[in-house]
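Protein chains: 2
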Amino acid sequence: MSASILKSVAARRTVYALKPEFPANFKLADLQATVQAIIKDTPSAFNSQGNRAVILTGETHKSVWDSVVNSIDSPDGKKRPASVRDEAVSSIIFFTDDKVTETLQEQFPAFASAFPSFADHSSGAAQITTWAAITESGLGGHLQHYNGYVKAALGDKIPQNWTVQAQLCVGVPATPAGEKTYIENPVKIFD
Amino acid sequence: MSASILKSVAARRTVYALKPEFPANFKLADLQATVQAIIKDTPSAFNSQGNRAVILTGETHKSVWDSVVNSIDSPDGKKRPASVRDEAVSSIIFFTDDKVTETLQEQFPAFASAFPSFADHSSGAAQITTWAAITESGLGGHLQHYNGYVKAALGDKIPQNWTVQAQLCVGVPATPAGEKTYIENPVKIFD
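Top line first, the protein sequences correspond to chains A and B.
Residue numbering for the first sequence follows UniProt numbering, beginning at 1 and increasing consecutively.
Residue numbering for the second sequence follows UniProt numbering, beginning at 1 and increasing consecutively.
These are computed hints drawn from the structure, not numbers from a lab.
Treat the numbers as computed from the prediction; the structure is a model and nothing was measured.
Be careful, since some hints might not be right.
It does not matter which identical chain is meant; a pair holds if it fits inside one copy or across any two.
Said to hold, decoys possible - In silico lysine-lysine, DSS-like type, Cα no more than 27 angstroms apart, as pairs:
1. K151 to K19
2. K62 to K188
3. K27 to K78
4. K157 to K188
5. K79 to K157
6. K62 to K157
7. K7 to K40
8. K7 to K27
Modelling step: build the complete structure from the supplied sequences, incorporating the hints.
Okay, structure coming up:
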């Protein structure tokens, strides 16, 4: 019975220790095709397709994360973005196009208050599916939320109405993921 | 290069025309195992694991959706929940445990305003991954948001602090999914 997607989502883990490179048989163009497919196929309220993504790599990746590091005062707070700058080969930036949400709110005023949450559902699915997909391809990564800093660093490279939702920071795993703990969380049947 | 999850997410579609049965080689216990695995493996902010789910089937499924039908006045508005009541074999109800979000907000006050959105990201991933998984298993389905009505119908079967996020209504597809249109939505590389 077991759907193949279950293996894929079970293999996805937070991996912080990264080398700034792609696996031997996986290139930047493959990453782009992967993210493009997921952005296309992730469902959205009324098929509104409000997910957006860009891929940072090379000099832009370094300069955006250097800007995040420099925007944070505390030495401890600088550590994570500095590790992304120095150890990740790429970051996938996920956005929601607020214009899409606002148009839905105008078209369907009865559900206006629900659309921001629906946009978040769709964004989360795109983020986490991408994380599972890159894991299948031999990359590892971790999901970060330096949303305001990243938005400021990207400046006019992206439309003003794109809100940053998350950064998936990826590279070749340098060490495996650590242990993960799970709560008791039974899915009951009401018959 | 292509990760198997890409095929799975591309195959997931909205299917409204359902027969109230499971595929020959897929049982209610398989659905439960599928949802349980996804609830377990879907990541969450600080591994807070705030996703919850229950599976409705049989008499409870019928009575909950009948209650939704009866809560809506307009004949047109009754049509979708009536079709779920009569044509879906089961509904998976996704919740967020608000206590988990509130605890995070107390522990990390600097990110307090972000945690509801993070909970939505995680919930959306669980919903949409489940949708892809049941599609792989020969079921079809559609995602609904009669959240308040469903919460009222479930009453004290679920804790008060579980907020309903979505209902994935499933059955054996009676007719294939219709055409889907896509916008131009390029994922650019910033190098």
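Here's how the hints hold up against the structure:
With identical chains, the CA atoms of K151 and K19 are at most 27 angstroms apart within one copy only, with a shortest distance of 25 angstroms there and 47 angstroms across copies. When the C-alpha separation of K62 and K188 is checked against a cutoff of 27 angstroms, the pair qualifies only between copies, where the shortest distance is 17 angstroms, while the shortest distance within a copy is 47 angstroms. Taking identical chains as interchangeable, the C-alpha atoms of K27 and K78 are never at most 27 angstroms apart, the minima being 29 angstroms within one chain and 50 angstroms between chains. Proximity of K157 and K188 under a CA criterion of 27 angstroms is satisfied inter-copy only: 11 angstroms between copies versus 47 angstroms inside one chain copy.
Proximity of K79 and K157 under a CA criterion of 27 angstroms is satisfied intra-copy only: 26 angstroms inside one chain copy versus 45 angstroms between copies. When the C-alpha separation of K62 and K157 is checked against a cutoff of 27 angstroms, the pair qualifies only within one copy, where the shortest distance is 15 angstroms, while the shortest distance between copies is 51 angstroms. Both within a single protomer and between protomers do K7 and K40 lie at most 27 angstroms apart by alpha-carbon distance, with minima of 22 angstroms and 12 angstroms respectively. With identical chains, the CA atoms of K7 and K27 are at most 27 angstroms apart both within one copy (23 angstroms) and between copies (19 angstroms).
In summary, the structure is inconsistent with hint 3 from the numbered list given earlier, while agreeing with all the others.
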